[in-house]
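Asker: One line per chain: the protein sequences are S and D, in this order.
Numbering-wise, the first sequence is residues 1 to 115 according to my numbering.
Numbering-wise, the second sequence is residues 1001 to 1111 according to my numbering.
It is possible that some hints are incorrect.
[To be verified] Pairs of lysine to any residue residues, derived as SDA-like cross-links and limited to a Cα-Cα distance of at most 20 angstroms, are as follows:
{"hint": "1", "chain 1": "D", "residue 1": "K1098", "chain 2": "S", "residue 2": "P61"}
{"hint": "2", "chain 1": "S", "residue 1": "K101", "chain 2": "D", "residue 2": "E1064"}
{"hint": "3", "chain 1": "S", "residue 1": "K17", "chain 2": "S", "residue 2": "K101"}
{"hint": "4", "chain 1": "S", "residue 1": "K11", "chain 2": "S", "residue 2": "R111"}
[What the hints assert, rightly or not] Rough simulated footprint, nothing fancy, chain D against chain S, three-plus residues with beta-carbon under 8 angstroms:
{"hint": "5", "stretch": "15 to 29"}
{"hint": "6", "stretch": "41 to 51"}
Bear in mind the hints are in silico, worked out from the structure with no lab data behind them.
Source: prediction; values computed, not measured.
All C-beta atoms, glycine included, are put in the ideal place defined by N, C-alpha and C.
As a plain string of letters, each chain reads:
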Amino acid sequence: GAGVSQSPSNKVTEKGKDVELRCDPISGHTALYWYRQSLGQGLEFLIYFQGNSAPDKSGLPSDRFSAERTGESVSTLTIQRTQQEDSAVYLCASRPASGSKETQYFGPGTRLLVL
Amino acid sequence: AQSVAQPEDQVNVAEGNPLTVKCTYSVSGNPYLFWYVQYPNRGLQFLLKYITGDNLVKGSYGFEAEFNKSQTSFHLKKPSALVSDSALYFCAVRVNYKFYFGSGTKLNVKP
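Isolated chain S (complex conformation):
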């Protein structure tokens, strides 16, 4: 079946512009995560959505970052007034349910470059 998809695959923007990244999770997956992977670094947790519960936003690095999720479907991560240090690969992952022992399944990522 279809995996997690993300768009765009690559985004080049100018400093100060806003960007919106999209994630389509696997159908039926109620849990959704956003991570940031900087060059040569591990994964940095950004935000977690689980069904209709309040999201865990504890990993968002600044108030320029926000994310939304429509029900148990698409999620968008928005970065306002981008800075060069925002350049990274942004990964989305989904998982079947909060109590599940299942792994999370990752999308291919969006590679963001801020000039």
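Take the given structure of chain S and dock chain D to it, following the hints.
Answerer: Chain D alone, transformed into the frame defined by chain S:
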């Protein structure tokens, strides 16, 4: 605080030789443990997990990992490396709904 350590940034091994990629963790409670592999310009792919039961877990592509509770380790192993195994490997622990990742180990398998 929860943490995962992958002490080696890079592991070099000759094709056909056994490989080990190390992972240790420090978490509260009983964690679920995972290994993922990342090929260039791709997302992470699941390799294997330990939830409970047998300490030796077998996963995809001939990989296995051994859970050692006393040493809080979960090392990834393969008896005979392939050139195609060259990639970036991440260890992760899950506590409740959160996943904590190591910094990754680059595996280079040379012909």
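Asker: Determine for every hint whether it applies to the structure shown.
Answerer: Hints, verified against the model:
1. Taking the CA atoms of K1098 (chain D) and P61 (chain S), the gap is about 17 angstroms. The hint holds against a cut of 20 angstroms.
2. The suggested pairing of K101 (chain S) with E1064 (chain D) holds, with an alpha-carbon distance near 18 angstroms, which does not exceed 20 angstroms.
3. Only pairs whose Cα atoms come within 20 angstroms are accepted, and K17 (chain S) paired with K101 (chain S) is rejected, the gap being roughly 39 angstroms.
4. Restraint check: the Cα-Cα separation between K11 (chain S) and R111 (chain S) comes to about 6 angstroms, which is no more than 20 angstroms; the hinted pair holds.
5. With 0 residues having a Cβ less than 8 angstroms from any Cβ of chain D, the stretch 15 to 29 of chain S misses the three-residue criterion, and the hint is violated.
6. Counting residues of the stretch 41 to 51 of chain S whose beta carbon lies closer than 8 angstroms to any beta carbon of chain D gives 6, which reaches the threshold of three, so the coverage claim holds.
In the structure shown, a violation is registered for the earlier hints numbered 3, 5, in ascending order.
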